[in-house]
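*Asks:* Residue numbers (our numbering), protein chains in the order written: chain A, 1 to 340; chain B, 1 to 346; chain C, 1 to 323.
A hint or two may mislead.
So the derived label-pair ranges between C-beta atoms look like this [said to hold, decoys possible]:
#1 B/Ala109 x A/Arg197: 50 to 56 Å
#2 B/Lys240 x A/Pro271: 30 to 36 Å
#3 C/Ala132 x A/Asp17: 23 to 29 Å
#4 B/Lys240 x A/Asp17: 48 to 54 Å
#5 A/Asp148 x C/Lys63: 53 to 59 Å
#6 A/Lys145 x C/Val312: 26 to 32 Å
These aren't lab readings, by the way, just hints derived from the structure by calculation.
Just so you know, even glycine gets a beta-carbon here, dropped at the ideal spot from N, CA and C.
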Amino acid sequence: MALLEVRDLRTSFKTDDGIVQAVDGVSFTVDRNQTLGIVGESGCGKSVTSLTIMGLNNPRNATSSGQAMFDGEDLLAASQDRLRELRGQKIAMIFQDPMTSLNPVKSLGWQLSEAVLLHNDVSKKEARDRAVTALGEVGIPKPGKRVDDYPHQFSGGMRQRVMIAMALINEPDLLIADEPTTALDVTTQAQILELMRRLQAKHGTAIIMITHDLGVIAEVADDVVVMYAGRAIEEAPVDQIYAAPRHPYTWGLLGSLPRMDVDTDRLVQVPGQPPSLLNPPAGCRFNPRCTYTMDRCRVEMPELAASPASAGHRDACFLDEATKSREPGRLLAGSGMGAG
Amino acid sequence: MSDDLLVVEHLQKYFPITEGIIFQKQVAAVQAVDDVSFTIGRGETLGVVGESGCGKSTMARCIARLLDPTGGKIIFDGVDITNLSRAEMRPVRREMMMVFQDPYASLNARKRVGFIVGEPLEVHGIGTDTERKRRVQELLEIVGLNPEHYNRFPHEFSGGQRQRIGVARALAANPKLIICDEPVSALDVSVQAQILNLLKDLQREFGLTYLFIAHDLNVVRHISDRVLVMYLGKVAEVGKGRALYDEPKHPYTGALLSAVPIPNPQLGRSRKAIVLEGDVPSPMNPPAGCRFHPRCPRHREGTCDVEEPALRSFGDGHEAACHFPLERWPMTVEDVRRPSDAVVAS
Amino acid sequence: MARYLVRRVLWALFLFLAVTVVTYVIFFVTPADPARLAAGQGATPEQVQEVAEKLHLNDPLWKQYGLFLKQLVVEQSLGESFVNRRDVNDIVLAAAPVTASLVFGGAVFWLLLSLPVGIISAIRPRSLIDRAGMVFVLVGVSAHPVWIGLIFAYFFGYKWGLTPITGYCDFINPSLGAQCGGPVQWAYHMILPWLTFMILFAALYVRLIRANVMETMNEDYVRTARAKGAPEGQVMRSHILRNSLLPVITILGMDIGLALGGAIFTESIYSLPGLGRQILVSYENFDLPVILGITVFATVCIIVFNLVVDIVYAWFDPRIRLS
Numbered sequence: 001m002a003l004l005e006v007r008d009l010r011t012s013f014k015t016d017d018g019i020v021q022a023v024d025g026v027s028f029t030v031d032r033n034q035t036l037g038i039v040g041e042s043g044c045g046k047s048v049t050s051l052t053i054m055g056l057n058n059p060r061n062a063t064s065s066g067q068a069m070f071d072g073e074d075l076l077a078a079s080q081d082r083l084r085e086l087r088g089q090k091i092a093m094i095f096q097d098p099m100t101s102l103n104p105v106k107s108l109g110w111q112l113s114e115a116v117l118l119h120n121d122v123s124k125k126e127a128r129d130r131a132v133t134a135l136g137e138v139g140i141p142k143p144g145k146r147v148d149d150y151p152h153q154f155s156g157g158m159r160q161r162v163m164i165a166m167a168l169i170n171e172p173d174l175l176i177a178d179e180p181t182t183a184l185d186v187t188t189q190a191q192i193l194e195l196m197r198r199l200q201a202k203h204g205t206a207i208i209m210i211t212h213d214l215g216v217i218a219e220v221a222d223d224v225v226v227m228y229a230g231r232a233i234e235e236a237p238v239d240q241i242y243a244a245p246r247h248p249y250t251w252g253l254l255g256s257l258p259r260m261d262v263d264t265d266r267l268v269q270v271p272g273q274p275p276s277l278l279n280p281p282a283g284c285r286f287n288p289r290c291t292y293t294m295d296r297c298r299v300e301m302p303e304l305a306a307s308p309a310s311a312g313h314r315d316a317c318f319l320d321e322a323t324k325s326r327e328p329g330r331l332l333a334g335s336g337m338g339a340g
Numbered sequence: 001m002s003d004d005l006l007v008v009e010h011l012q013k014y015f016p017i018t019e020g021i022i023f024q025k026q027v028a029a030v031q032a033v034d035d036v037s038f039t040i041g042r043g044e045t046l047g048v049v050g051e052s053g054c055g056k057s058t059m060a061r062c063i064a065r066l067l068d069p070t071g072g073k074i075i076f077d078g079v080d081i082t083n084l085s086r087a088e089m090r091p092v093r094r095e096m097m098m099v100f101q102d103p104y105a106s107l108n109a110r111k112r113v114g115f116i117v118g119e120p121l122e123v124h125g126i127g128t129d130t131e132r133k134r135r136v137q138e139l140l141e142i143v144g145l146n147p148e149h150y151n152r153f154p155h156e157f158s159g160g161q162r163q164r165i166g167v168a169r170a171l172a173a174n175p176k177l178i179i180c181d182e183p184v185s186a187l188d189v190s191v192q193a194q195i196l197n198l199l200k201d202l203q204r205e206f207g208l209t210y211l212f213i214a215h216d217l218n219v220v221r222h223i224s225d226r227v228l229v230m231y232l233g234k235v236a237e238v239g240k241g242r243a244l245y246d247e248p249k250h251p252y253t254g255a256l257l258s259a260v261p262i263p264n265p266q267l268g269r270s271r272k273a274i275v276l277e278g279d280v281p282s283p284m285n286p287p288a289g290c291r292f293h294p295r296c297p298r299h300r301e302g303t304c305d306v307e308e309p310a311l312r313s314f315g316d317g318h319e320a321a322c323h324f325p326l327e328r329w330p331m332t333v334e335d336v337r338r339p340s341d342a343v344v345a346s
Numbered sequence: 001m002a003r004y005l006v007r008r009v010l011w012a013l014f015l016f017l018a019v020t021v022v023t024y025v026i027f028f029v030t031p032a033d034p035a036r037l038a039a040g041q042g043a044t045p046e047q048v049q050e051v052a053e054k055l056h057l058n059d060p061l062w063k064q065y066g067l068f069l070k071q072l073v074v075e076q077s078l079g080e081s082f083v084n085r086r087d088v089n090d091i092v093l094a095a096a097p098v099t100a101s102l103v104f105g106g107a108v109f110w111l112l113l114s115l116p117v118g119i120i121s122a123i124r125p126r127s128l129i130d131r132a133g134m135v136f137v138l139v140g141v142s143a144h145p146v147w148i149g150l151i152f153a154y155f156f157g158y159k160w161g162l163t164p165i166t167g168y169c170d171f172i173n174p175s176l177g178a179q180c181g182g183p184v185q186w187a188y189h190m191i192l193p194w195l196t197f198m199i200l201f202a203a204l205y206v207r208l209i210r211a212n213v214m215e216t217m218n219e220d221y222v223r224t225a226r227a228k229g230a231p232e233g234q235v236m237r238s239h240i241l242r243n244s245l246l247p248v249i250t251i252l253g254m255d256i257g258l259a260l261g262g263a264i265f266t267e268s269i270y271s272l273p274g275l276g277r278q279i280l281v282s283y284e285n286f287d288l289p290v291i292l293g294i295t296v297f298a299t300v301c302i303i304v305f306n307l308v309v310d311i312v313y314a315w316f317d318p319r320i321r322l323s
């Protein structure tokens, strides 16, 4: 049984301008020791998806439906108390900006101990010892001394390590990482991804990696879900997403990447910009920007359907098989992608 | 030399750090830019890449004279602009425009787009009112916006569109050089591609020269003819795009290149990444000798921590400042001189 | 942090000198004849001259200021009142406890009201409490303390006879001939003044606290705390309140310091013999030494309170404490 199984997740927000359907029917599974990558651009709903699973949306204006079965238990139906029990202990989350994600007036030791004490009946000293161990595990030098320091005394990369330490200190089964390296330099990013890989190997943690960076996805994910305007439009094992993508948006996404290992003169351009979620377009959400739009696309909403070649690869597009097999090779020629 | 639009010689920018209870005295300096030299030919794009704290943004601002350099020379189109007064800089600024990173902050939210794009024309007294309006509409069309949106406000546009407005503004007075300071970093990937294509098209059409600053090595490679790598205020390596990316000479360039995730799972997995230790040191107290030596997988004690390396030429404009430049790429275990866990096989 | 403090103390000293100089110069420039005032109504020109000599009023400004400063620092004396020759020190020290009672008591009340209302308004925006709170803020900020005082005095004091309307009772030692004394009487007489005085501040603080708490609630580290599974109460205590109320401390110190200079309106309405009332009386009589003395005292209060608040803030914020 999968560790996490999300079925038909929907979340909407009440705003002054109307109802925003931020997530509109997303389903996926994550297994232990596996990394699922959720990739998409801003406004696609990837962050909201994870916040919904954790129950961290503002109850005042957010409404969710669907199921998120974690180890057999539906998180969306669970009480706030039960969710609080799970958060930080069985499911942990790290966020994008390490500079603002730590409380500036509390020491690291205090914040790490808080994570321990919330879920374990141990003494303060024991919690602090665990904090020191955790800091050492993520590569903070002299953890015994630095545990009493404050966030502002650390660099961005170090703070993200601290966040990871805090998330993993209770050895959760699932770690949700929401753009954990976007705000970091590329060499620091490499360090953090390496750290996450190592810790996953050691603890067998399942990871959901949310990012807009297709390079990071290629490096860490086992399976990938591509989201657009609140819906999942393609899912596949990572190799197939790059070798044989089947949705025009994915082609656009892959083709618009500038590459340093390949010489391209003009990048594939996806015209226009992502739609407003207040008033999404009728039919397929991508149709206004799609160069392959047919009449059907403007009226009907495509559902995820498995590809005949591989059952694990699903896409939500009405295009015929021939086009889906041919176009990626043509569009992404020379980039090493789409070659099948 | 007349082929070079911009010549920068030994540029230096230090920010003083003062201390003192009543009277402030300078005790140290943040050496943001330290002895940087390079040239940009007409019609060329020089990409400047480096991580946070390397000084690339500071350098750009010095060249645009938004900051005053503490040392060195800047020669633009044959004229030494290093010490020109504000009034003297005015006609120069017409030829040197900037596009900024944040499409939300770099446009005045209270002004209409027509005003924003036309402001350079007005400031430099170009054309009459009607001529200006016509030119602005022409510019809006050139960058792919609807000229009828002349009277709209910035908040009515998306991030990518706002960046196009920024580009239109930069083009307005027909500059020779456009300094792009991380122009696509804040944009989504699909929009980024639009802006990069636009910049390339404009360069071809109007014969523009670009100084393109970014932290994304892929972007820099795509748009640049030559690339300059900066580390902690100094030039680590400079050379033609292909040469630098295919055969880097400086270990830092190597580390950067191997750290960039490649959107190709097989290639990525088979690659040996050089994972550097530690964080970038502070520009207030740069390490002695070669600034990169504490993190360098090839550093040798006695040389690298004592003597600062000079820029060495490898032919065809490819230069690197290193005592022990890389002999081959990708790096192998033998290339690591210092035993540490700095080289990781992934 | 030590360097930070030393700098603040030195700055405070400098401020003190600057304010006293400016005050002194203002009084020097006013078109009054202090000698005549000091000499009294029926003085002859020769007597006026004599007084002028005695009070050094014909000396150059800088010399007069120097003497004033010397008198202040060496003898710790603020001079004598022109009106009744009392030591200004005594006048100030007699009036200060009254103002202090009003201000500190008022501060306790305004905090007791604004903290819960501000915090609840921030947690539940647009709820009934929030809307009621905003109306209260509008009224409190717009209504003049004098008007509020009169209304209160009329209803609570006169019409319904719940509290006394005027007068002050000493907390500890009733002076000779006083009509009342002791803590109970003291509090009883202070109720209306406290209520009047606190309304404006409570309104301002509700707005301030609400804004600060709302802003802090959206910070990333609050989200991190929730993601760790912390219950709302702990999130509020350890993460939100600590960070959002720190700036309130700064402003509180400033406000108390300012108010100690003389809560003029409230003291007038209720005839409390505090610094505010005293300074009004001295203006009418053009009693320069008293005016100057109260100004100096008020300045010292403001400077000291600002310094204390800076220290407290620096202590509680590790970003400053450890630099």
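*Asks:* Please go over all the hints and tell whether each is borne out by the structure.
*Replies:* Now for the hints, and whether the structure bears them out:
1. B/Ala109 x A/Arg197: 50 to 56 Å: Cβ of B/Ala109 to Cβ of A/Arg197: about 43 Å, so the range 50 to 56 Å is violated.
2. B/Lys240 x A/Pro271: 30 to 36 Å: About 32 Å separates the Cβ atoms of B/Lys240 and A/Pro271, which means 30 to 36 Å holds.
3. C/Ala132 x A/Asp17: 23 to 29 Å: 27 Å, holds
4. B/Lys240 x A/Asp17: 48 to 54 Å: 51 Å, holds
5. A/Asp148 x C/Lys63: 53 to 59 Å: 57 Å, holds
6. A/Lys145 x C/Val312: 26 to 32 Å: Roughly 28 Å apart at Cβ, these two residues keep to the hinted range, so it holds.
Of the numbered hints given earlier, the model fails hint 1 alone.
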